[in-house]
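**Student:** The lines below spell out each chain.
Number of protein chains: 4
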Amino acid sequence: MADTLIKVDLNGSAYDNDKIHNRWHPDIPIVEWVEPGDDFIIETVDWTGGQIKNDDDASDVRDVDLSQVHFLSGPVGVKGAEPGDLLVVDFLDVGAFPDSLWGFNGFFSKKNGGGFLTEHFPEAQKSIWDIKGMFTQSRHVPGVSWAGLIHPGLIGCLPDKKMLDMWNTREKALFDTDPGRTPPLAALPYAETAHMGRMKGDDAKKAATEGARTVPPREHGGNCDIKDLSRGSRCYFPVYVKGGGLSMGDLHFSQGDGEITFCGAIEMAGWLHLKVGLIKGGMAKYGIKNPIFKPSPIKPDYKDHIIFEGISVDEGGKQHYLDVHIAYRQACLNAIEYLKKFGYSGAQAYAILGTAPVQGHISGVVDIPNACATLWLPTEIFDFDINPTAEGPKKFIDGKIDVPLAKDL
Amino acid sequence: MADTLIKVDLNGSAYDNDKIHNRWHPDIPIVEWVEPGDDFIIETVDWTGGQIKNDDDASDVRDVDLSQVHFLSGPVGVKGAEPGDLLVVDFLDVGAFPDSLWGFNGFFSKKNGGGFLTEHFPEAQKSIWDIKGMFTQSRHVPGVSWAGLIHPGLIGCLPDKKMLDMWNTREKALFDTDPGRTPPLAALPYAETAHMGRMKGDDAKKAATEGARTVPPREHGGNCDIKDLSRGSRCYFPVYVKGGGLSMGDLHFSQGDGEITFCGAIEMAGWLHLKVGLIKGGMAKYGIKNPIFKPSPIKPDYKDHIIFEGISVDEGGKQHYLDVHIAYRQACLNAIEYLKKFGYSGAQAYAILGTAPVQGHISGVVDIPNACATLWLPTEIFDFDINPTAEGPKKFIDGKIDVPLAKDL
Amino acid sequence: MADTLIKVDLNGSAYDNDKIHNRWHPDIPIVEWVEPGDDFIIETVDWTGGQIKNDDDASDVRDVDLSQVHFLSGPVGVKGAEPGDLLVVDFLDVGAFPDSLWGFNGFFSKKNGGGFLTEHFPEAQKSIWDIKGMFTQSRHVPGVSWAGLIHPGLIGCLPDKKMLDMWNTREKALFDTDPGRTPPLAALPYAETAHMGRMKGDDAKKAATEGARTVPPREHGGNCDIKDLSRGSRCYFPVYVKGGGLSMGDLHFSQGDGEITFCGAIEMAGWLHLKVGLIKGGMAKYGIKNPIFKPSPIKPDYKDHIIFEGISVDEGGKQHYLDVHIAYRQACLNAIEYLKKFGYSGAQAYAILGTAPVQGHISGVVDIPNACATLWLPTEIFDFDINPTAEGPKKFIDGKIDVPLAKDL
Amino acid sequence: MADTLIKVDLNGSAYDNDKIHNRWHPDIPIVEWVEPGDDFIIETVDWTGGQIKNDDDASDVRDVDLSQVHFLSGPVGVKGAEPGDLLVVDFLDVGAFPDSLWGFNGFFSKKNGGGFLTEHFPEAQKSIWDIKGMFTQSRHVPGVSWAGLIHPGLIGCLPDKKMLDMWNTREKALFDTDPGRTPPLAALPYAETAHMGRMKGDDAKKAATEGARTVPPREHGGNCDIKDLSRGSRCYFPVYVKGGGLSMGDLHFSQGDGEITFCGAIEMAGWLHLKVGLIKGGMAKYGIKNPIFKPSPIKPDYKDHIIFEGISVDEGGKQHYLDVHIAYRQACLNAIEYLKKFGYSGAQAYAILGTAPVQGHISGVVDIPNACATLWLPTEIFDFDINPTAEGPKKFIDGKIDVPLAKDL
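Protein chains in written order, with my numbering: chain A, 1 to 409; chain B, 1 to 409; chain C, 1 to 409; chain D, 1 to 409.
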């Protein structure tokens, strides 16, 4: 049995665990050292640090403090890792805790976080998903279940100072183009709720003012929310500081491409069993700027899909120029309309798109002026047949259950 | 043997074939009628109508007349089809002609068409791909071959007048925001090179001035360039006019998600074996705005990939807000840099991304401010191992061959 | 376009084509020579040489002359090939003729050929399968259609004299253990209907008396009837004579593991597009006795199955010792009983098992005294849901159609 | 968290656990009752009850007491289950214990158990396989690792008295044809080492004399050793006694088709998370004699294979009539010869075939006199390239390590 290097207490506060941090900064001290070739286990809390409960009340989603996220376990140092190397990480397995076999999916209020379809679902809603062996189902979304494509939403190495400064500079520049926007254009450093791991005293206070928020994916990987970076895959991370400093969290039992619900995926606490290696000088050898990875040999194999197209004409009929974001939004809205014909509420359909292993493909990006995106909805996750027929759809879902909503205050 | 309803002459001009047209207009007369349940064969020229030759000179790509594209075969009428129905099309098979077993891929000059990476590849280049049974390879791009995911880039039903007007209005509005741009923001109606099929005289002249260009995908489908709408798949098209009026063309032997080279895919002439059916009133029954489709049970199964990430920070380091287009461009550029380490020129790497069955996934669209896109490069298409190793890449490609380039005049 | 080295005339007699032969003998003259690296096309008649017709009368199956089979096209010589080499054959594509888009499946009479379930289906029956693009369906077996896993049932190099003698000796020894058996234990040389290709005169007469029959698979490959040796695959054949002498035939549009109906698969005439190469001394290098091969990257991907188990207790309840043949027969009989609950006749169910891409797995061969075999029936080939439910099966098939039967005379 | 209904102590004797039994008999009392729709966890010891140790000495394999096997956990009763029903079992997950992350593979001595290739490997050998997350590797077989296709080798419902008598009668009849054979033709009831669960006193003594051994698969399923009846799959078991009486054990981390090494697979202790349901009267509704099952949506996806053919001519050159058992043995021997060219010992190659997810297909069973079987060896489990090339194989394995052997005493 591999050693568990970092343990978490789901009943305590993440702030009390000095092997957890919630900002990116080069000076956060490494908490455990391993050798290349070692395999070990890392536990993590859920991304919010336990703010969301397993109940039928979405007010916790509405009132979430997003300045706290994401709580990451680490950094782990790998002996011999130096800037310019590639840190090779095998995800030997990822799972939930036996005494915490559930996860949550939510839509944030447009006033506090928002999401991909926030104009259509502006108020906070929450669904709870039970984990039954390799499968999941929800008391709030009947008629579906599927095998988990379990993965960490967030993992990467510590940036060096130069990269950190670059992140802060470019994000601030964007933020300043519309500083009053809700939701904001970027999440800037915010010292008040920073957890700087084992940094203490004035050093920690100073670092907290400049530590990059964990929200976006960046050159080091970070919050990529790539569903296929799942257990069984192998990832090659750029190293910027001595030892690498690998941190991780934001575990998902399952998620669709795009993590469109933002309080996205089926969010859970859990553990990762990792093995590490090094490619010395790998960044230059392979011309690497962002992580690259290889898919897992073992993951859910849902082959049959209904595929929805979207183009970059928005809900108001306005033409946009090769905008894949808008095209994918249209494909998602098309899928939601389709699912409603079988009896689902819009919120249930939206929750399915955010949690099931749907694929989002960039299908066309050159045919001016319309980008084309496709949303691939697996048919096998439904208890009934959702394929189109000459007879038309049957309302299998009776509408008695919906996703709990908490009105804005 | 199914009947061939539309034949083409690869040695003649597409303008001389009145079962071909190159604009969308509700009044283009249906040239063949079929019954629901029928299967039949339709031949098509390549999208440019034969402007590009099987040689080693890219000047034809540089000088292409894009106002002529795309030459479509049709419209085919289906008896009983009425506005609001869904036309069910089974792609029983799609293929090249036995005497024309080749296709082309090109990068247009930035001055005449451009492409996804036109800032990086601003001049015209062309590669020729031979078709050998189910496989393809190119004398301009050594070291790769793969099985074709053969599909029509463009297929859809005729719009009605209201939809046509909507298309023209919204695209003109976008065009007018920067009318002098090169390449333009939208391709507007252009009568001079219009081919209105069997419309004749003044009717044809008038329709030519308002016929929508075939370049973008739209509500009816059209130029979606979705690689997975391939032979063996089933598509459900919205019907807007009596009989449907199904037209098609722009056959591709293979293409990557995004068709990033624009003169994209491996472009070819060929034939489609189709079977048609109807879902009466299907648009309302299933809430359909754009076509939906089901994947094929038989298509190339390249499972192993190297996956490249890209985020929405552009080449100059500027931060963009959740822009998947830019994120995917970065993923593509990352893949090109990687392939260059094995000896490929940038142009060869770009050609591979445009022609091989690469996947482009919308991986994250909510983690402000960075969108995250992934480019999945199948490893099995290479004659050598392109996986990262501790030793670093080996230059398998000696650089003696490159993709022909024609300088701007 | 690759050259067609061997052409066939479906309206003529295979005996009139001297590029066809129906026995294995080292002295059959090579009819075409190719270079390593060449690709070329070979046409073949169906395995019976046109004895079976596209009609609804099974008397041709009942009266078939099995001493004539299989009519093979070849031998093709590869320059430089010598005994001990491996001949590398890429199946670039395989297909039916455009003017002969159909195939047949039959059960031979127990008195003339028999088959895997001949005790259960002792009389001749025949079903005709239409080829529609990549798919097939039958007017005799309603409710099913699928994509073809097209392959040659029979391909291999000429044996040398020593190998030929070994074949004849060991098969004669088996035959002699029960010489009067019907069907016989082995098909011995039979000069009367032999077609020795370009051999003429006394040489041909002598060779006909010793030429091995083409019925069984042997060390060189031959009549393996392996459904996965399909278009897109690569096979490595042992070479025994100078030039190799590759011959082939017995094309199948589709077949299940085991080819259980014997007049098995969906038998058709057609063509193969091949590419050849050599591994010099490959037999010793890799310790090769029988051919090895690699699967195709493009073949039907039917993933969902109902899996039937069978054990080596026969229909009479008698226990056999680890007999996989009997176990697989029980699994097939179990599947037939299951399909009958949906309205199929036994003959229709048997025809489905012989023609659809069912898998037959050797599941357990050590748990004395029972072997365990499994029959994997793809569910996606049915127009209706054949999964078990609490409600029980619904008779989707009304029984009005059956597989034509010709009574023994 | 589901309840664990049956717990085991890996440090104690299986005989001391009255929720374990090692014979099939209708009167073994049900130890736990569940409702249809319930999910629950069952722990099991390894099939030998801990006789085999995690060390480098094969004497425990040589000296194993096979009369004790298999130790099964159960029987579990399902309320409402009656003879003629189908018991629907979802394998929600299956796994090893965190403190016992290893398994063993062995070849029994020909004098004590034997195996599929016992003539070639007549003495006891043992390899130990470590479980690292979803993957396994062995210190005795270098150069390979793969993801586990975890499954119970043995599961089924209690027989009724009539079925038990039929089993004993037919197996005794076979045994009596050669009573002195080693290994024996069948494993007959043997009271001395019987563990009859909660049966006590004279009842237990009598039942032990007639309880069927657990070695072979039979009508109820039992020791099928079907690798694809894995976690995530759904199985439909015939019910013969009130409550069903479902028992299970013999967990495998991985196994190839055929379980050819007999002390086969990677044998381990562990747990199953099951969910149960009922189809009332399902045996008659669907014509079920043996269990049927549906594959898992999540299992290792090794797609690329080298495929070895075998025909029913034995090692001595003798011709057998359509004997799939012999054909598969030849395919296995061919694969072993091939792997030896890369440096593996024969025993290592044999161990790979027994433990890796190799497929064994019944390819041809009608082409007299040769059956044809194929062995599919996944290439992706090797750390190096095992495909054939013009250069020939490279000895990646240096032969310093081998599978421990214990000579017969």
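Think of the hints as simulated: they come from the structure by calculation, not from any bench. Remember, it's a predicted structure, so these values are computed and weren't measured experimentally. Wrong hints could be hidden among the right ones.
Chain copies aren't distinguished; within one or between two, either way the pair holds.
[Said to hold, decoys possible] Derived lysine to any residue pairs resembling SDA-like cross-links, with alpha carbons at most 25 Å apart:
#1 K341 with F384
#2 K341 with P183
#3 K280 with P393
#4 K161 with G316
#5 K303 with Q137
#6 K79 with K341
#7 K285 with P29
**Student:** Decide, hint by hint, whether the structure agrees.
**Tutor:** Right, here's what the structure says about each hint:
1. K341 with F384: both (13 Å within a copy, 22 Å between copies)
2. K341 with P183: Classified as neither; 31 Å inside a copy, 41 Å across copies.
3. K280 with P393: Between copies only: 13 Å across, 57 Å inside.
4. K161 with G316: Classified as between: cross-chain Cα gap 20 Å, same-chain 44 Å, threshold 25 Å.
5. K303 with Q137: Answer is both: 20 Å inside a copy and 23 Å across each meet the 25 Å cutoff.
6. K79 with K341: neither (56 Å within a copy, 27 Å between copies)
7. K285 with P29: Classified as neither: same-chain Cα gap 28 Å, cross-chain 55 Å, threshold 25 Å.
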